[in-house]
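A.B. asks: The residues making up each chain are set out below.
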Amino acid sequence: MALKRGQPTPADHSPGERQEPRDLETLLQTLLDGDPMKRRWAARDLADHPTAAVALATQLQHETDTTVLQIIISSLGCIANDVAVRGLIDCLYLEQALLRNTAIEVLKELPEPVAPHMGQLLQDPDPDVRIFAVNVLESLRHSNVEEWLIGVILKDDHVNVCATALDLLSEVGSPRAREALQALKQRFPEEPYIQFAAELALKRIGVE
Amino acid sequence: MKRILVIDDAATVRLYHREILEQAGFAVTEAINGLEALEKLEADGPFDLYLVDINMPKLDGYGFLKALREKDIPQAPAIMISTESSPRDREAALVAGANLYIIKPIRPEQLLPQVRGLLGEGHPS
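Each protein sequence line maps, in turn, to chains E and D.
Here full-length UniProt numbering is used: position 74 in the first sequence is 74, and no number is missing along the way.
Here full-length UniProt numbering is used: position 12 in the second sequence is 12, and no number is missing along the way.
Everything labelled a hint here was simulated from the structure, so no lab data went into it.
Nothing here was measured: the structure is a model prediction, and the numbers come from that model.
Even glycine gets a Cβ: it sits at the ideal position worked out from N, Cα and C.
Some hints here could point you the wrong way.
[Unchecked claim] Cut-off 27 Å, straight-line C-alpha distance, at most; resulting in silico cross-link-like pairs (BS3-like, lysine-lysine):
no., chain 1, residue 1, chain 2, residue 2
1, D, K104, D, K58
2, D, K104, E, K108
3, D, K104, E, K185
4, E, K203, D, K104
5, D, K58, E, K108
[To be verified] Residues of chain E clear of chain D, computed beta-carbon distances all greater than 12 Å:
no., residue
6, Q29
7, P36
8, L110
9, P116
10, S143
11, S174
12, P175
With the sequences and hints as input, model every part of the structure.
C.D. replies: Take a look at the structure:
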């Protein structure tokens, strides 16, 4: 849509020209402003304030603007304290795939803060959440990744959770995963994908 | 030979779909996310059918389908494949432009009749 002469342009909203102070108290107030543009600025600047994690995580539950939500998720990732990580984990329960995926991508970059929560996430009653937890493991650089994945394929009774773990295990698995892969094949003998992917994983780790 | 673009961030899933589809006589191209799929679309021209995962980094299945449907190209059929079974996910996929929504795990005998049906080579089961 063409802008009319004299109408504010996007450049007028550039952060460098903001008039509002950027102290914590003002930013927290602005996070609740009616103008999504102002909430966006506040969410971004609050990334520098670890104590703002509670406010950001709370706003996640009420925010309606998708771009503000994405920035809140990004800021929680920058803060990365326990409150922030719990807020990000809450995003795994959201209906909107875009926000869920954004949170997953942020969580992948936080191996140490995420690790204490992984055991509980992998036992969530909702199989979709367990799948998202496995998605987080995809590039989580943590020494327990293979152990978590082996635990999933040994114990989880949902075929799609196991299949997602299997996809990743076929890339990162070591000979330690051999018995678990063979047990998985036996647990799901009628599932062609499990048979295919487990065979592939066994070949890749060299223990056919 | 009909060309199918398989879009999934999991290498094993792409390989599984490739084997099923190639054995059935289709030519398969792979993309690891929606963004790469759009690049393949630009480079290789439109495909006859798209097999699309939902959850992928960079550009997910919904984003890819929206972009695909906004392009001025023949409206080739798209099958969205997901682990998620809620009616809301199915509705979102259809709104984004999917012709069909299939829940994993995929079995060849389930997938191939749907693919052939959408390509006008038979009736979807």
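A.B. asks: Provide an ascending list of the numbers of those earlier hints which the structure does not satisfy.
C.D. replies: As far as the earlier hints go, not one is violated by this structure.
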